[in-house]
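Q: Mind docking chain Y on chain U? Use the hints.
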Amino acid sequence: MSQALVELIQAKFPQAVIETHAQHGDETVVLEAAQWKAVHQFLFSDPRARMNMLMDLTAVDYPERDPRFEVVTHLLSLDKGHRIRLKARVGDPDGDDAEIDSVTDIWASANWMERECWDMMGVRFRGHPDLRRILLYPEFIGHPLRRDYPADKIQPLVAYREVDNIEKLPPFGEEEGMPFGRQTHLGVPDPDADEDAQVN
Amino acid sequence: MEPLDVELDEAEVEFPQEPMLLNVGPSHPAMHGTVRCVMELSGESINKVDVQVGYLHRGFEKMCERGTWTQVFPYIDRCNYVSPMLNNVGYALACEKMLGIEVPERCQYYRMMLGELARMSDHLTCDGAMAMELGAFTPFLWMIKGREMLWDLFEEECGARLTHSFGRVGGMAHPPTDGFKENALAVVRHILSIIDEVERLLLGNRIFLDRLEGVGVISAEDAISLGWTGPCLRAAGVAYDVRKAHPYMKYGEVDFDVPVGQASDCFDRFMVRIEEIKQSARIVEQCAERLADSGPVNVDDPRIILPPKEEVYSTIEGTIQHFKIVMEGLKLPAGEVYSYTEAGNGELGFYLVSDGSGTPYRVRIRPPCFLVTGGLERVITGQMMADVVPCFGSLNMIGGECDR
Numbered sequence: 001m002s003q004a005l006v007e008l009i010q011a012k013f014p015q016a017v018i019e020t021h022a023q024h025g026d027e028t029v030v031l032e033a034a035q036w037k038a039v040h041q042f043l044f045s046d047p048r049a050r051m052n053m054l055m056d057l058t059a060v061d062y063p064e065r066d067p068r069f070e071v072v073t074h075l076l077s078l079d080k081g082h083r084i085r086l087k088a089r090v091g092d093p094d095g096d097d098a099e100i101d102s103v104t105d106i107w108a109s110a111n112w113m114e115r116e117c118w119d120m121m122g123v124r125f126r127g128h129p130d131l132r133r134i135l136l137y138p139e140f141i142g143h144p145l146r147r148d149y150p151a152d153k154i155q156p157l158v159a160y161r162e163v164d165n166i167e168k169l170p171p172f173g174e175e176e177g178m179p180f181g182r183q184t185h186l187g188v189p190d191p192d193a194d195e196d197a198q199v200n
Numbered sequence: 001m002e003p004l005d006v007e008l009d010e011a012e013v014e015f016p017q018e019p020m021l022l023n024v025g026p027s028h029p030a031m032h033g034t035v036r037c038v039m040e041l042s043g044e045s046i047n048k049v050d051v052q053v054g055y056l057h058r059g060f061e062k063m064c065e066r067g068t069w070t071q072v073f074p075y076i077d078r079c080n081y082v083s084p085m086l087n088n089v090g091y092a093l094a095c096e097k098m099l100g101i102e103v104p105e106r107c108q109y110y111r112m113m114l115g116e117l118a119r120m121s122d123h124l125t126c127d128g129a130m131a132m133e134l135g136a137f138t139p140f141l142w143m144i145k146g147r148e149m150l151w152d153l154f155e156e157e158c159g160a161r162l163t164h165s166f167g168r169v170g171g172m173a174h175p176p177t178d179g180f181k182e183n184a185l186a187v188v189r190h191i192l193s194i195i196d197e198v199e200r201l202l203l204g205n206r207i208f209l210d211r212l213e214g215v216g217v218i219s220a221e222d223a224i225s226l227g228w229t230g231p232c233l234r235a236a237g238v239a240y241d242v243r244k245a246h247p248y249m250k251y252g253e254v255d256f257d258v259p260v261g262q263a264s265d266c267f268d269r270f271m272v273r274i275e276e277i278k279q280s281a282r283i284v285e286q287c288a289e290r291l292a293d294s295g296p297v298n299v300d301d302p303r304i305i306l307p308p309k310e311e312v313y314s315t316i317e318g319t320i321q322h323f324k325i326v327m328e329g330l331k332l333p334a335g336e337v338y339s340y341t342e343a344g345n346g347e348l349g350f351y352l353v354s355d356g357s358g359t360p361y362r363v364r365i366r367p368p369c370f371l372v373t374g375g376l377e378r379v380i381t382g383q384m385m386a387d388v389v390p391c392f393g394s395l396n397m398i399g400g401e402c403d404r
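Residue numbers (the numbering used here), protein chains in the order written: chain U, 1 to 200; chain Y, 1 to 404.
Treat the hints with care, as some may be off.
Below, computed lysine-lysine pairings styled on PhoX-like, alpha-carbon distance capped at 20 Å [claimed, not checked]:
1) Y:LYS97 - Y:LYS48
2) U:LYS153 - Y:LYS62
3) U:LYS80 - Y:LYS244
4) U:LYS87 - U:LYS12
5) U:LYS37 - U:LYS87
Calculated from the structure, these hints are not laboratory results.
For clarity, every value in this text was computed on a predicted model and none was experimentally measured.
This is chain U alone, in the form it adopts within the complex (with noise of 0.2 Å):
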């Protein structure tokens, strides 16, 4: 990861730099979503970037921000070495306009990833060619991994045996696990949920 890329970028868009930090060693750029996919198409083809691998896309779901999810990419560059995490954040709190623009038309890769990362945390890629499901089925209904899609819920897509005598076992349940980690990761809080969930 290096400093120098985040001046860079600094200087070249001062209007889309929201802000940045170098956690463990790792430069963070947080952008402003409009100017997406601007920043990785610079740092794509300008000489002194040259990030020519997108490494990673994934999103991380805040249900209590606005917005709120961030896309996150990490990119690297094969020929000087460096490294760079850039996020945007976007999305209101229902999760229903999430939207980003794609960078396919940079990198390949972008393709699947942001096939998942709309599977899994429903944020479209606008100007995406082929924004499909990619892990789960077309008639999957939710994105599971949004903070608040249960984690037991269960969509089987062949209705489950009705077996006489069988103790089914539950599915990890919401009191399972460790209660007393989970302190500050209800995001949203589940007016079911027994007492002893909702202590912990």
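A: Leaving out everything else, chain Y in the frame of chain U:
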């Protein structure tokens, strides 16, 4: 019954004019792992492909958000189930980067040895399966025999053949066993002899070479644009190896070469893996020399590492420490980190987001296989139907990692 072709005039046979739609997979012997290819064929050549993955999706990233940071290890194991030790170490390094700690030197060499042995097992499986799919069953059995020896070694170290869950944040679950070094070196020697035999059996085989050479060619620019890493990218002539480009642990201090291909075809991908097994053997030998026989394996920090069992049962400090780590989980500072290591198929990245509690807020696994499989469409479009098998085999798609 009369022969069907008794009065067959070939000029009168009507061949279909329309392209044919053919479905291969998800459960098909050539599609090891579970992946489905819907192809539009014109005669025997492929016009269009739709590669569909996700049949092995188990929602690991969601499950990771429910336990402690330590409880992520079993999921990581099950991503690349052929080389879980590399994944374990990669994830442990990501957490350690966030905590700002470095494990003792003995642990680093131990992790490197285990990791390189796992890489050998990964490449043996891929090359063996590739040969088997082209009809060469003997090399497959030999290579799987070699893999079995590696897994016996892992079983001796950690008790499990396949899903080790052996890594820990800040160290390993157990120090090396007494005979580890000698056993590892013996196994490595044996595997090198297996590789030698396999090379003699396959590389003079006309059928094998004809099926691989010049098949599934992809340019270096395309490979980079597709986000390929690991052996597939190196076969395209790009010498990018995380171990060399951004050395972690002690990779900067050991001597090894990064093999690259020239033609970027299936044969190069096969040979890069063969060569990497030999390079891994070199690393294992060098690490075995430097791995100390005694000394600490885990960091000396009671907030991170579980106390020894004797202390848990005899001292109040030990009990409290144990309780805190088990019940609350270790606390990673709030923030985010991206850490990357060279796994069997390329750069395995972990993008971790922590909110300061004992539970991960987001664990994003950057799977090398997912992106490599994303390039399958480009590799096989325009090829013959029969070439799908070696092309797919040479990409080494691991379903667990691709679909998570």
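Q: Next step is simple, just say for each hint if it's right about the structure.
A: Going through the hints against the structure:
no. : hint               : result
1   : Y:LYS97 - Y:LYS48  : violated, 44 Å
2   : U:LYS153 - Y:LYS62 : holds, 12 Å
3   : U:LYS80 - Y:LYS244 : holds, 14 Å
4   : U:LYS87 - U:LYS12  : holds, 17 Å
5   : U:LYS37 - U:LYS87  : holds, 11 Å
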